[in-house]
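Please put together the full structure from these sequences, using the hints given.
Number of protein chains: 2
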Amino acid sequence: MNKEMLEFIKSRRSTRKFLPKPLEREKLDAVLEAGRYAPSGGNNQSTHLIVIEDKEVLAKLAAMAEKAFAAMEVTEGMYKSMAGSVRAAKRGGYVFHYQPAALILTANQKDYSNNLVDCACVLENMMLMANALDLGSVWINQMKWLNDDPEINAYLFSLGMKESERVYGGLALGYPDTEDGLPNRTALPRTGNEVTYI
Amino acid sequence: MNKEMLEFIKSRRSTRKFLPKPLEREKLDAVLEAGRYAPSGGNNQSTHLIVIEDKEVLAKLAAMAEKAFAAMEVTEGMYKSMAGSVRAAKRGGYVFHYQPAALILTANQKDYSNNLVDCACVLENMMLMANALDLGSVWINQMKWLNDDPEINAYLFSLGMKESERVYGGLALGYPDTEDGLPNRTALPRTGNEVTYI
Chain V
1 MNKEMLEFIK
11 SRRSTRKFLP
21 KPLEREKLDA
31 VLEAGRYAPS
41 GGNNQSTHLI
51 VIEDKEVLAK
61 LAAMAEKAFA
71 AMEVTEGMYK
81 SMAGSVRAAK
91 RGGYVFHYQP
101 AALILTANQK
111 DYSNNLVDCA
121 CVLENMMLMA
131 NALDLGSVWI
141 NQMKWLNDDP
151 EINAYLFSLG
161 MKESERVYGG
171 LALGYPDTED
181 GLPNRTALPR
191 TGNEVTYI
Chain C
1 MNKEMLEFIK
11 SRRSTRKFLP
21 KPLEREKLDA
31 VLEAGRYAPS
41 GGNNQSTHLI
51 VIEDKEVLAK
61 LAAMAEKAFA
71 AMEVTEGMYK
81 SMAGSVRAAK
91 RGGYVFHYQP
101 AALILTANQK
111 DYSNNLVDCA
121 CVLENMMLMA
131 NALDLGSVWI
141 NQMKWLNDDP
151 EINAYLFSLG
161 MKESERVYGG
171 LALGYPDTED
181 GLPNRTALPR
191 TGNEVTYI
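Protein chains in written order, with the numbering used here: chain V, 1 to 198; chain C, 1 to 198.
Quick caveat, the hints were computed from the structure, so don't treat them as lab data. The beta-carbon is built from N, C-alpha and C at its ideal position, and this holds for glycine as well. Misleading hints may appear alongside valid ones.
Claimed, not checked - Partner residues are not named here, just some residues of chain C that face chain V (Cβ under 7 Å, in silico):
#1 Met-5
#2 Ile-9
#3 Lys-10
#4 Ala-34
#5 Val-86
#6 Arg-91
#7 Leu-116
#8 Val-117
#9 Cys-121
#10 Glu-124
#11 Pro-189
#12 Gly-192
See below:
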């Protein structure tokens, strides 16, 4: 568990096309369990993993997000991926979550200052665990960008999100739609993420 | 790489006491490399890892942080860990970083909306890689809480942080000061981080 682990960590790459194949419960639960064991600020453990496999719910969320993004305008300095969502929604037919077997939303307490980073650690653990199980995954930020949309929040409350919670991240998870059925493990080269030694 | 991986992920626990023993460059670089291979928003790769092994620099940062926290007051609703730093600094002799072999600050572009979560994924990868190498590590948030302190930022600029960057997280890394020399791998039970299936 060292050189092997480094090579494994370096082999994780995002998947954005999934087979219409459900996940075995054991695999899904292993991914969720890996996420639950991420560290949290002061051991707060307040990340709430909302796991959506229901196709109607996924379709409804996609439609609500499309409506919300289509009502926005691309502004100067808008985060480029969010601007992409706005443009795609205006064109129509925009499905933000890539139709995965499961969309896992990470919610957390809205008045907890470590909410965003705690969710990020949960997501990173889940991405690594997915890779270990030959599953594909990709970070999904759209529900976070829309986490002050009253209609979407009302719908998420109806699904089990608490009034005190908001969504701070998400993960699309499923079997990758590739020729060999395995995730693409050729990571993009790291030209950034520079290191300064002192 | 599946059950083994889940058990491994579940075995990570924070270390807050370190031996005064430097890290082999190969191990330090493996941890940094694992961090560099974390995903980033739109493949931005703008996390800047500032690795501080110099004892004088570590002491200077500790003194500056103590001064900054001591000048604050604990307020209603202040994040409990930050309130703990303020109280400890007022008592005196507060060293926020646990005197590790290396303090790795994760900086990122201040006007990039994914800065915080990109740094969190880098940190989570580094914590897992540290565990794989029998090293101990713990998330360090104090330099993030102080990332609008002009004196501290000026000092960090002198160390190589760019004017456009701010610190969004940190990691203390080193050999754990335990009886067997290995990190404590008995994770705290997960009673929170609940899962809702839909």
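Hints and how they fare:
A hinted interface residue such as C/Met-5 counts as satisfied when its beta carbon comes closer than 7 Å to some beta carbon of chain V; here the least separation is about 4 Å, so the hint holds. For C/Ile-9, the interface hint holds, since its Cβ comes within 7 Å of a Cβ in chain V; the closest pair sits about 5 Å apart. Checking C/Lys-10 against chain V by beta carbon gives a least distance of about 5 Å; that is within 7 Å, so the hint holds. For C/Ala-34, the interface hint holds, the least distance from its beta-carbon to any beta-carbon of chain V being 5 Å, beneath 7 Å.
Here the hint on C/Val-86 is broken, as its CB sits about 14 Å from the closest CB of chain V, past 7 Å. For C/Arg-91, the interface hint is violated, the least distance from its beta-carbon to any beta-carbon of chain V being 19 Å, above 7 Å. The criterion of a C-beta within 7 Å of any C-beta in chain V is met by C/Leu-116, whose closest approach is roughly 5 Å, and the hint holds. A least Cβ separation of about 4 Å between C/Val-117 and chain V falls short of the 7 Å threshold, and the interface hint therefore holds.
Taking 7 Å as the C-beta cut-off, the interface hint given for C/Cys-121 holds, the closest approach to chain V being about 4 Å. Against a cut-off of 7 Å between C-beta atoms, the interface hint on C/Glu-124 holds, since the closest Cβ of chain V lies about 4 Å away. Nearest Cβ of chain V to the Cβ of C/Pro-189: about 9 Å, over the 7 Å cut. The hint is violated. A least Cβ separation of about 3 Å between C/Gly-192 and chain V falls short of the 7 Å threshold, and the interface hint therefore holds.
Consistency with the previously given hints fails for numbers 5, 6 and 11, ordered from lowest to highest.
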